[in-house]
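Residue numbers (my numbering), protein chains in the order written: chain A, 9 to 218; chain B, 528 to 1102.
Among the hints, erroneous ones may be present.
Said to hold, decoys possible - Distance ranges between label pairs, derived from CB positions:
1) A:Thr102 <-> B:Lys728: 51 to 59 Å
2) B:Glu591 <-> A:Pro141: 48 to 56 Å
3) B:Asp542 <-> A:Pro141: 48 to 56 Å
Hints in this document: simulated from the structure, not taken from any laboratory. From the three backbone atoms N, C-alpha and C, an ideal C-beta is built for every residue, glycine too.
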Amino acid sequence: MRQELTAAGLGLCSCHVCGLLSRLDKVDGPAHCPRCHTRVHSRKPNSVGYCWALLIAAYILYVPANLLPIMETGTLFNYREDTIMSGVLHLWKTGFWGIAAIIFVASIVVPLFKMLALTLLLFSVQRRSTLWPVQRARLYRWIELVGRWSMLDIYVVTLLAALVHIRSLATVKAGAGAIAFGAVVVLSMVAAMNFDPRLIWDPLRKGYKL
Amino acid sequence: MNETSQLPDLSQIPDAISERGRFSQLVWIIPVITMIIVASLAVKSCLDRGPVITITFKSGEGIEAGQTKIKYKNVQIGEVKAVTIAKDRSQVLVTAEIFKDAGWLLMEDTRFWVVRARISRNSISGLGTLMEGSYIGADAGISRQSQYEFKGMEGPPVIAIDEPGRQFVLHALAIGSLDITSPIFYRGIQVGEVISYELDKDGRGVSLKVFIRDPYDQHVKANTLFWHASGIDFTIDANGVKVNTESMVSILLGGISFLSPESLGNSQPARPNSTFTLFANKDEAMKRLNAVVETYNLVFMESVRGLLTGAPVDLRGVTVGEVTRISLDLDPRNNQISTPVEVQLYPERLWAFYRGKPQRGKPMDSRQLLNTLVKHGLRANLRNGNLLTGQRYVALDLFPKAMPSKIDWSKNPPEFPTITSSMEQFQTTLMKIVQKIEKLPLEELTDDARQTIRTLETTLQKIEKLPMEELAGDVRQTIRTLDITLQKIEKLIKNVDTAIIPEVHSTLEDARKTLDDVRKILGDAKKTLSHDAPLQQDLHETLRELSRAAQSLRVLGDYLERHPESLIRGKEDDR
């Protein structure tokens, strides 16, 4: 097998701003580009720690996001508060199976799956797993891609809240759950952004040290 | 530039500049903060959770879990969480969560009911629920005892608990046209409502709870009279036709009126939940302006046919009571049937008859008074009130000749002595007469009569057979003869007048002369015979001498009887 060269493997790193290659071997801790003085690093610094912190925060917020009402609708005849799940059930009961499925997938399955996937990646990275690096890389790409679609719910709520605001006849308000849910989505997105996928590949390199 | 395609000389790559101490673990603040927020939210929601209550309803109509609200004074205080059926299938259990800040409304006497559109005889309510859906209404109690399990009411309460006013209980024989929310009038003003009604436990009447609103409730006094003001009171009596109504509303819906009679003085406002009697109409109510009512039992040994409950008990025409119950009693010991009649007496009216009026409010005095009256012969008896209808009433009256009796105070109600009614007495007398008539030997009597009649008949026949005309002829002749005789007598009398009477006259004159002579002779004789006449004197002396001589002779005789020898020898003394 051919020796795969990586910048990190050679102890080099390129500046993100001016593109200058510099040597990191002799530097202990954070380093600056010798030309433009931008901070340089071969891997995102403390990527796993950041990722963990944000992921845990997302996990925590996932609970109120699902328990608190996400939308309060008041009409002349009744007033109801819906959590994500009760909204899905309501739509399902009233026959809107398609919409119910979309919301269920986008708002419940995807965020949960995303967080579980990130957890898996973080674990595998920390354990320096060398298993299925290609699949894991694909998983990461998918996470990045799908993450923003989780905001569908929030879009619906914000749109409705902005549009339907006929006082006393009908009102739609975003509930506390919407905030929590939005936070879950944002935090998981940021966590995913902070994850450095290069770490997936690092254990393949000989003499690798985290 | 060949070298550019070659791997550059790595040794020429400059070293990165080292930087110290800017690494931090600050990112971990994020999960910590979220943790704190979520935990605080969780704690808050736990703390904010209000009490969960269970309300039982007969039907779950209009109640939906998660939808139906609980409102107090039209403000939401909670929400229904679940609707289930009780295990015994008799009721619907509604589990509801009450907001924490409304928890203090959950008291022992808090009431819940389902507010839905209702159309009843006298109100339409809850129309709003047609649009919004039903909700559970609450009326917070005033008790201090909190409670979390409630029995839902079937309808809304008529009066909110905190509404100022007072409740009273009315006893009636029947509810009539009254219903919950039936109005109560005081001098024509609607001042309250009927809240509820229920059958008495013994089934002998109905208890109505009424509510009188605040400024008016002070007019309900201890002696207030309540009566049915339902509909139209239409009476025809000796005074003519009379129509009485309270108001249009009460004509349609029924109602209750009350009044505190001024004649009974100003008494204190009644306490809440006092009990009053609900009279059938105003007249009946006014009849009984009596605060004191005493019950007595009258045991009659005769038929009480014609006596109805409500019949008056009167004392010489003045109503002093009323018959309340008539029953029948069979004594197994002597197989006698008696009819105990329960009456209510108004002793206040009896006091009116009593000169030395005792002071009010002394029930013992009526007892004493009745005892004295009974001692003097006060008895109850049945009398005919109306001969046409045969209705009877109980009359109290003095029967001084009645057998002595007493009120039996030991019984409950006390037993008042009775006396058989005059009608009854008359009947028994009549019966006796009839019995006597029955005992008469009527057949013999008729036989005798028949015989007598037959004899009479024969006699008459005999008389008929007599030769009446001959007899008449004889009679006529006799009469004629008699006539002649009488004429003769007349002549004779005339003769006497003319011839005899003068002769008699002269004879009488002679006689008078003779009598005069006699009188003279007698006068002489009287003179001769008088005491001081000389003849008399001489006669007296002679007689005296004679008696003396006789005395001497008697002495001599006696002496000779004892001394016969003296005839020979002479007296001894002489010797």
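So, going through the hints one by one against the coordinates:
| no. | hint | verdict |
| --- | --- | --- |
| 1 | A:Thr102 <-> B:Lys728: 51 to 59 Å | holds (53 Å) |
| 2 | B:Glu591 <-> A:Pro141: 48 to 56 Å | holds (55 Å) |
| 3 | B:Asp542 <-> A:Pro141: 48 to 56 Å | violated (31 Å) |
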